[in-house]
Structures are given as structure tokens and as C-alpha cells.
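Asks: Each chain, written out:
Protein chains: 4
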Amino acid sequence: MVQVGIIGAGRIGRVHVESICTQVPEAQVKLLADPFMTEETAQWAKNMGVKAVTKDYKEILADPEIDAVLICSSTDTHSQISVEAIEAGKHVFCEKPIDHDIDKIKNVMDALEKHPVKYQVGFNRRFDHNFEAVQEAVASGKIGEPHVIKITSRDPEPPCAEYVKVSGGMFLDMTIHDFDMVRFLAGCNAEEIYVEAAVLVDPAIGEAGDVDTAVITLKMENGSIAVIDNSRKAVYGYDQRAEVFGSAGMAATGNDTASAAVISNAQGVTGEKPLHFFLERYMGAYVKEMKCFINAIVNDTETPLGVKDGLEPVRMGLAAKKSLEEHRPVKISEITV
Amino acid sequence: MVQVGIIGAGRIGRVHVESICTQVPEAQVKLLADPFMTEETAQWAKNMGVKAVTKDYKEILADPEIDAVLICSSTDTHSQISVEAIEAGKHVFCEKPIDHDIDKIKNVMDALEKHPVKYQVGFNRRFDHNFEAVQEAVASGKIGEPHVIKITSRDPEPPCAEYVKVSGGMFLDMTIHDFDMVRFLAGCNAEEIYVEAAVLVDPAIGEAGDVDTAVITLKMENGSIAVIDNSRKAVYGYDQRAEVFGSAGMAATGNDTASAAVISNAQGVTGEKPLHFFLERYMGAYVKEMKCFINAIVNDTETPLGVKDGLEPVRMGLAAKKSLEEHRPVKISEITV
Amino acid sequence: MVQVGIIGAGRIGRVHVESICTQVPEAQVKLLADPFMTEETAQWAKNMGVKAVTKDYKEILADPEIDAVLICSSTDTHSQISVEAIEAGKHVFCEKPIDHDIDKIKNVMDALEKHPVKYQVGFNRRFDHNFEAVQEAVASGKIGEPHVIKITSRDPEPPCAEYVKVSGGMFLDMTIHDFDMVRFLAGCNAEEIYVEAAVLVDPAIGEAGDVDTAVITLKMENGSIAVIDNSRKAVYGYDQRAEVFGSAGMAATGNDTASAAVISNAQGVTGEKPLHFFLERYMGAYVKEMKCFINAIVNDTETPLGVKDGLEPVRMGLAAKKSLEEHRPVKISEITV
Amino acid sequence: MVQVGIIGAGRIGRVHVESICTQVPEAQVKLLADPFMTEETAQWAKNMGVKAVTKDYKEILADPEIDAVLICSSTDTHSQISVEAIEAGKHVFCEKPIDHDIDKIKNVMDALEKHPVKYQVGFNRRFDHNFEAVQEAVASGKIGEPHVIKITSRDPEPPCAEYVKVSGGMFLDMTIHDFDMVRFLAGCNAEEIYVEAAVLVDPAIGEAGDVDTAVITLKMENGSIAVIDNSRKAVYGYDQRAEVFGSAGMAATGNDTASAAVISNAQGVTGEKPLHFFLERYMGAYVKEMKCFINAIVNDTETPLGVKDGLEPVRMGLAAKKSLEEHRPVKISEITV
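Protein chains in written order, with the working numbering: chain A, 1105 to 1441; chain B, 1105 to 1441; chain C, 1105 to 1441; chain D, 1105 to 1441.
Mixed in with the good hints there might be a few duds.
Identical copies look the same in the list; a pair holds intra-copy or inter-copy alike.
To be verified - Think about it this way: if two alpha-carbon atoms lie no more than 30 Å apart in a straight line, the pair counts; the simulated DSSO-like pairs of lysine-lysine are:
1) K1392 to K1162
2) K1337 to K1246
3) K1134 to K1150
4) K1395 to K1155
5) K1395 to K1134
6) K1155 to K1392
7) K1269 to K1162
8) K1412 to K1435
9) K1395 to K1150
10) K1159 to K1218
Worth flagging that the hints you see were computed from the coordinates, not collected in a lab.
Please take these sequences and the hints and turn them into a complete structure.
Replies: Below, the structure is given as C-alpha cells:
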């Protein structure tokens, strides 16, 4: 039984508590830490089967019975706590992104070289049943050599301008998932990036210095071309699609819906909207990524997403920002590590 | 060049005029006859390329240059004119049904034995691209042995009660197409029929002695079971689907739409309704059946749908009426020929 | 916390153990009984969080701390254990069917009159997200008055002939779910039934006295007509669809798939098969029916499916057998209660 | 009756002969000219209803009874013959592109100023039922303000390298249709373009100095962002899709298929590939553009696609080439008129 400590009891921390308590029989949540731990959260955690709660995450690091740590705290703490946990000999699952600063990610890499524990980054979409099926089709050669990779990623609601200011911007906060997906589907890194972006959804986002709509072109190392289109607001819900076109065919996936029911009437033939947002669409993926992390610990195998998989999307995000600022294609290698 | 005479300038007669004039280069409409021929119709026909018009169909039968006759007059005249045309040595294309009276169809069969001209019945749906594709899948063995055949056939609007009184009833007027389709898809005749029917669309139809909604079960000679569901009114348009389930798979088809466009918004994901009615859905099928008829003449081959294919659906329709009246399964053989 | 005892640790008993232990926080499995309880099963149960196991289900009935009993034993024991549990004052969830013998179901009804505990029958498909969405569309009037109800229900693999002999036959073992679904979608009982059936899948099923393919027509009390088509073997997987056609439109649902991925290549455009069988397709429905049962206990409300909902599908199944034997439409009222 | 002369009896010239002879009753083909007019072509034309043929297109320009000229000759002659026909007072339908050289298009514009005849450019895709439906949804405000426009355009087979050398390259030969489509769907011109392209299909295309795969990003004048992805070879057929995402929803369309038939078997659920190539997919669009041209003459209204609509896509194509060569975003205004 893998003993787990979870740092952060916000939305995503709770998702992992629930996954482990109900779907991962090989693991147990021994301690849940959050500086703002409330009575209500403590009670909820207890009901879920969490053994104990605390306000101080250092208790988790200090507990010799805890094997693995999940870092679900605010982004600015990810790299620092990663290093501390690694140095404490804990296996680490870290929510994305590790950091917006390449140097801080390098600190984590350095720590991992000295203390080779398991390290997994939380790019949950790789574990989504639809994207997995597309990736398997590509990796197994069913569509031949990939030529064009297309990702559509649109949120149902824009974040508030406050959040935009601290999030690192759309490329590091939202597109970072798509950067990871491009690498996953292409099976290689990006070489160059070009961004066309605009403020079309909410002027407040523009005033906060960010964009809310973008089309991003990438030249991949295997010669294929990728394109991501992003919007902060799709009125019909969370739109998450991918398509890989290759020399021998195409693999594509659309969205999931709450049901397959369709109504035909005088207005047309109407099916359901995509599932509303990431908690609905990716719940199965969150469970699966956690099972993979625990499996890697139990069987002493590689995690499916190591620290380098955490680094590359951040480089791509920083290159995207540079492309937008300088209005030119930017080599990923310009973002030095 | 096959010279054609067309008897009847109503809706379906005009469909055939248009098909031949624009899409069948091997044929020419030499004469169009209609007892109610108007100046307007005559002008329309001339513009389409019809050589001459008349009020008297006997002129068509008497014209030695005319090779083939299309019978598009009212149903009660089909068998009589068929016999006359056959005896005049003309090839005959006869709109469905040949007659509601088995004996009158036998007169046509007798005439054909003496004068073996080409004879084709107008079950146009066999030439629809969707049903053709399903039938080809079945006939080529792609789904193995057929087990269950399902046909959905719903009109967008009920006929007026006046029409219902003279039409022979829903089974002989509307379902007759589905009886033909069942034979086409199963590749054999029906043995037995059971009808469950009701008046749910329009009480006036019930007062006229007919039904407007039905589920019809058929035992086929090859052991498969078929089911047809009919309604006189589908608010979303003309609903024409088929499905054949067999030992090695299933072949199915849905409806055609005016476009493949889909709108996603806060209400859902909406595509177009089925094409409104038979003139829209089956225009391509009308052209194709005419090409097949002309080809059979030009190449001296069998027509795809002979007089026996005109007989069987009428027997099935009469058996359906008997099943409804006597509330029991009825053998098709009870309708003696 | 509702204390639950589960009788039967077979496939479906384990499904409920898992649902309660992982997804129903208001309930706890206190005791799991199975006459063939193995060490392995006991260990599995313990890992899942079951408090204790036994070979004797009477221990469950005798335990005053147990509030509710789930009857997942073989069909022939359902009614007898139902009566015992009701008399012991336990709330009862009973797998379908309660019994094939109407008199034995009446015994359960009598017991419930004397001891009005909660009683729920395991027609899980009502809780499937797809069928729920169709039923909600019908019940909310979105399609107007229902006219034609169609259910397709095909298993991926036929049962062995041994099972067929004891199962009560296809209508009571397999179609019974569809009989319930017809009542659920129509919102009323059936009046009359007509069966057309055949042995097309496996001659051994015929030798065992059963059929494996059927088309079943039902006249419903609200005037609508329903049709069910069944097969014991669909090579493409578990085919579970429904369609309700009404005066104002149609609500329909297809199958669920493992993913939305689609491959386009020179052979065509190919999506995934339906989910393989009931454990895959209905896992969410099993969880939901259990939540509803526990909720009814916690909130002292009606269960969504009472003993009468267990009775009617059995009557329909017996009427179906009679229709097949006597080759005629049979009134449900001929199966007297 | 509009008398038409057609210059060029190649593939597209024959398409227009057929459209006019069978589907446009208000027009007649008086003369068909082709320098390589064969006996066979002459016979075919006669059978279609063409009055006469010639090897010298000047006969068409000189014939005072001819009202309108269709220019279907090789691209390098389009602008010159346009000017000649305009100066001869003929209405002109010119296949795309008018020319690859902006100055030559300006010659046509100058001629039109002096002789204001009707002039229509052959961007047939605007008349496709699917793209029309998407454009109508956008233009009628159903999706709000457009934010992102996506076009997928892939041919089933690459051209031979010989053709590539004279075609002006992929952007002027193939993408030019997509440049027109972007303007049609956005309802405005492009401001800036960025091209990412590669040779992935056929090295011979690269040796001929062209690319065969591209992702092209466009900044539109209304602030929206457009992206086109092109490939010279999709093994599953002609892939022609569009999607417009806006503030109030999304309108999208997929491909047409030969039938709606779907086969379900142990391998999956398979529908038909897209229609093979442009003659199949756009046959209806070719007819419709011709009807619109003839209507504009008959009713003395504007043609739906004037000379400026012929100019802009060429500018976009030239800007695309520049972007690829100089590896930077290029303003359309850099291509001066």
C-alpha cells in the first residue's frame, strides 16, 4: 500500500483525493495539507477516507511513512516544494506547470539527478480515452507518417482578469496542455513556433496584458506541421478535439457528451453539447494518471510523464510569448535551458 | 435513340419528362399525353424538349415510331393501359402500383406472356444511393446471413381524407414501397405478415376507414424477420431509413440532408432535418430508374423490376389489410394469385 | 450510514459491492454472503472495504444492524429471500426478475403489504444516461404524444444451451429488460403482444426449446405501438438503442463507445464498435440505481422501481411465450395476477 | 435565351457545357472552341446540344449573336481573352485564376471600366451546398462575431511534377480556392499571412520548387484569425471542410459521401469515404455558379463574384509565396496593385 500525502486541498487536490480513495486500491491518502484547511474540508476528507489533515505541508515531507507526494498547491510553489519533496526522498506527482521559469525547473531536474525518485507531471489529457485512442493510432502506424496535427482547445468561460495577471498568460496557463498534446501526438518536440493572437472575447483580458484567442503554428522535429487554435470562451461548452493527418490516413476525435440522445424536430436534429468543462471531460483521465503514477511506484518503472515532459511545454509557452511580442517565428532553441 | 411516350403530366409524369430530357441522352420524349393538358403544361413540355403533346393517350399507342410508354396516369388506369400498350408492342414503364386488384395484374402478366416486351414497375427507392448501398452490402455477403430487416418510413404530412378514401389505404398507397424494399433487402419474398396499426395522426383518416400509424412484422422466406414502422406525419420531415442485421454484421442507412452543416451553440449541436419529401430525397433515384429502363431497351436485357415485382407488394398490402381486419398473422399465400 | 448485506457474490453481486464501497458514501457493506464463498473472494471483499463475509445469507437477515439487503443470488431464490428479508424488516433491492412465476411475485407483494419496507427491482437500464435522456425528452413533452417506440437489444454472444434451459427463455431472461424499457419510455403498461421469433444464431438454442432472434410488437395502454428487436449475437458488440417517435418529434439514442476516435483511410471512415457488453455499457447505471436505492432509504421516499415494476415485465414475458406458442396476439390480461 | 460561347473543351469546359445544356434552360451553347478540337469532342458536343464547334475562339468573339463567353482555356490565356471578350462586348465567366500576375488582372479591370459587362470568376466552392450553409449561418449572425475560421483542403492525389512547374505553385493553383473561401466565410479581406509549409508527399514536388503540405495563418480585416491546412494527398479522398467559430457559436461542415450507408462489424463501424475529387463533390456547385452567371445577365444584376474577387486570392497567393520564401508574416498590402 503506497502512502500518499497531498499538498493543496483546492479543486484539483480534491480530484486526486477522490481518485485515490475510490479508484486506486494500491494507495491511501495519509495526510492532506492546506494552509487554509477548514473544518468543512477536514470533515469532507475524513468521509472520503483520508487519515489526517494539516495546515503545514512540511509534516508530509517529514513523515517517514509517506512514500509519495502530490503537489496541488499554487503554481508559484510547485518547483520549490518539488525540490523539497525530492530531497526528502518522496516520489512526486506535480501539477502542471512545474514553473514558468526555466531555471526553477532546472532546480527540480538537478534535485532528481541527486535523488532519483519517481517524478510525474500532471498533463492529464494524455490519459483521456479519446486522445489516447488517436495517439495509439498514430504510434502504431495506422495513419503512416504524420504530416499535419491539429488541436482545437476552447474553454467554456474566460477566467477573470485578476487570474489572467498571475497565471502567466494564456500560453502558459491554458495552451500549455495543448503544447503537451502536440508532443504526445507527434511523438517528438517542436522546433519552431509562430503565434497569431487577438483579444476578441473580453477587453479586460487585453487590459491585463494577455490575449484570449489564438492560432499557433508549430514546426515539429519530425517534419510535420502542427496547429493549435484556442479560445477562452466557447458558448457551447468545452471544445477539445484533435486530428492527426498522415501519409496513410487520418485519426481524429471529437468531444464527449452527457448522452448520445438526439432530438429530431421541426428545427433540426439536435444532439448534446460537449461536456461542460475539464472536471466533466477529464475525470476519467485524472483517475488514470493517478493509477499510472502509483503503478510506477509499485512496479518501479518509469512514470509516463517525466520532468523533461514538464520542461518542454514551458519552453514552447515562452517561445509563443516571444513570437507574439516580436511578431515573427521563434525557434524553441531560443528559449535556452 | 429510344422514342418515348408519357401518359400523365402530373407530378410524377413531369419528373420523368425532366429526367429523360436532361439526364437520359439515349431517349427522347416524342409525345406527352394528359386528358387535362393545359396551355401552360404544353409550353413547359416544349421548353423541356418534348416534341409534342396531346389529350389522348391512344395517340401514343398508335404512333409506330414510339418504342416505349411511361404510364403515369391515375392508379385505376395502370393495368388497363399496361395491357393496351403491351398489345401495341410498346415497352412499358408503369408507376406503382399496377393495380390493387390481383386479377387485373394477372391481365398484365397474361398480356406480357403473349407479347414479351420490356416491363418495369416504378419502385424508385431501389435506385436510391443509400438503399442501394445497403442492399449491395447484404447481397455481397458483407453482413452474412440476414436475420432482422428494419425499415422506417414516415411521411412529413398526411394526405387529405379524400385521397385516403380512393388510395386503397395506407398499406397499398404508402407501405407498398416498404414492402418492395423488404423484398429488395432480404432478397426473397415474405411468407407471413402481422399488422399492429392505429389512428394517431388525424381522426379524419380513421373516419375514412384507414390507419395512419403502423408496425408491420413479416416472416421472410429465407427465415429472416422484417419489421416496417410507418407514420403519415413526422414533423421533422421525410424519414426513410433501413437496417439489415445479419450473422456477420449490420448495414444501415439514415436520411439525406440539404447540407452537412452543423451549428453548435448553447442549445446543443444541431444538424439539418431530413430532406423534406420524396421529390427531394428520391430525385436521383427517379433518374436512375429511368436510365435502367432505357438501358434494358437499348441492350435488350431484363428490366430490374418486372411485373412479378409489381405483384408481390400488392399481395403483401392485401395481406396486411386482412391481418388488421382479422387481428391475426396472415400468410401471403392466403392472397391467391 | 446505511448498513447493507449482500446475498450472492457472483458477477452482479460484485458489481454492487464495488459501487457501494467506492461510489455510495452513505452506505457500507457490512456482510457479504455466498454459499460458495472462497478465500479469494473473501480477500477481494476485504480489500474493497466489506466488513465481513459468510456462507449463510440467514446471518444477514438476523443481523439487527443491517438496514438493507441486496438479493443477487440465483433467480429461483429471489422471491423466497425477498419474502424472508421483508419479514425481517429489511429494505430490499432484488435483482431482476423477482421470479418467473406470478404467484411467487404475489407472495412478495403480500409480504410488502404487511411490512412496508423499501423494495427496488434491478432494472438497471432505466439509470443509463442515454435511456434517461430519451425518457426525459418524452416525459417533458418534447416530442409530443408518443406514437411509435422502438427498442433494439442485441447481445454480443449467445449464452450456452445449458443456461438457456434454466433461464426461463430469452423473453424472461433477456427481453425482460426491454419490456421494462418499453414501460419506462411509454410511461404506461402494455395491453397486447405479438411475437415473431426464430432460431438463427445457434441450433443448440432451438434444441433447448428457445429462440435467439425476435421481433416483438406491443400495443400500449396510451395507444402507442412499441416494437422490440432482439438477437442473441451481434458480432459488432452489445447493441442497445431506443427511439421514441411522437406527434412533435423524435428522441433517439445510439450506443456508447470506448472512444470518439475515428480513422479515415482508403477503406472508409471507421469509428469504434459499441461497448462490448453490459458491464461496460451499464457500469454507470449500476452505480446510479444503487444511489437511488440508498437515497430512498435515507430520505424515506419511494424507490424508483417498486415490486409492481418487477411484476409487469414478467407478465409481458409470459404473454410473449404464449404468443409464440399459439402464434397469435395475446392480451397481457390473459396472464392473470 | 442567352447565347453562350465556350472557349476550351477540356475537363472544366465540358462541365460547363453539360451544366448549360441540361440544367440552365435560359441559356444555349452556340459555339464551343478549342484549338485541339477532335472529331470525338465535336460529336460529344453535338449530342449534348451544342450548336457548333470551332478551333478558333476568335469566331466566338466575332459572333454578334453570342451574349456571353466562358473562358475555360489554359490559365496563361485567361486575362488576355478576358480583355478581348470584354472589348467585344461579351459578358464573361472566367475560370480561376484570372492570372498569376497582378498587372494582367489590372488590364482586365481597366477593360471592365471602359466596357461594363458582367464578369464572374469561377470560384465554384462558394456555391457548394455545405459551404453555403456555413456562410449563411455566419452572415445571418447565428454564430455572433467570427473569431476563428478554419479550412481543411486536401486533394486525393498530387499533380505530376510537370504540372507543378507551370501551375504557379500550390498556393496559386490549389490554395487559391481556400483563400477565396476564407474571404467568403469571414466576409472581409485578409490583412496578413504566415505560411508554414513542407514537402512531405512527393520529393519530386520539392525538386520542382514547390511544397505539398501547408498550414497558413491569416489575420482578417474584421479581427478574426483564419487558418488553412492543405495537403496534396489524402488517401481517404478529397477532404473539404470548414468551421467558423464565433462569439455565439460555431458553424461547421464536413464532407459529402456517396451514400449514408454504414457497416458495423467486428472491425468497427464504417461509413463511406468523402466523394473522391472535385468533379464529384462540386458538380452541384458548378451548375449553380452557371445559373447565377446566366441570371445576372438575364436580370441585369451583379454577378456574385466580380473581378475584385478574382484579384484578392491572387494577392493572397503571392503573399503566401513571399511569406514562405522570407520566413516571416507578410502583409497583403505588400503585394501592391
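Asks: Indicate, hint by hint, whether the structure satisfies it.
Replies: Consistency of the hints with the structure:
1. K1392 to K1162: Result: close within a single copy only, 27 Å intra versus 40 Å inter.
2. K1337 to K1246: between (34 Å within a copy, 16 Å between copies)
3. K1134 to K1150: both (11 Å within a copy, 19 Å between copies)
4. K1395 to K1155: both (20 Å within a copy, 25 Å between copies)
5. K1395 to K1134: both (17 Å within a copy, 27 Å between copies)
6. K1155 to K1392: Answer is both; intra-copy 23 Å and inter-copy 27 Å each pass.
7. K1269 to K1162: Intra 29 Å, inter 65 Å, cutoff 30 Å: intra-copy only.
8. K1412 to K1435: within (18 Å within a copy, 38 Å between copies)
9. K1395 to K1150: both (21 Å within a copy, 20 Å between copies)
10. K1159 to K1218: within (29 Å within a copy, 54 Å between copies)
In the structure shown, no violation is registered for any of the earlier numbered hints.
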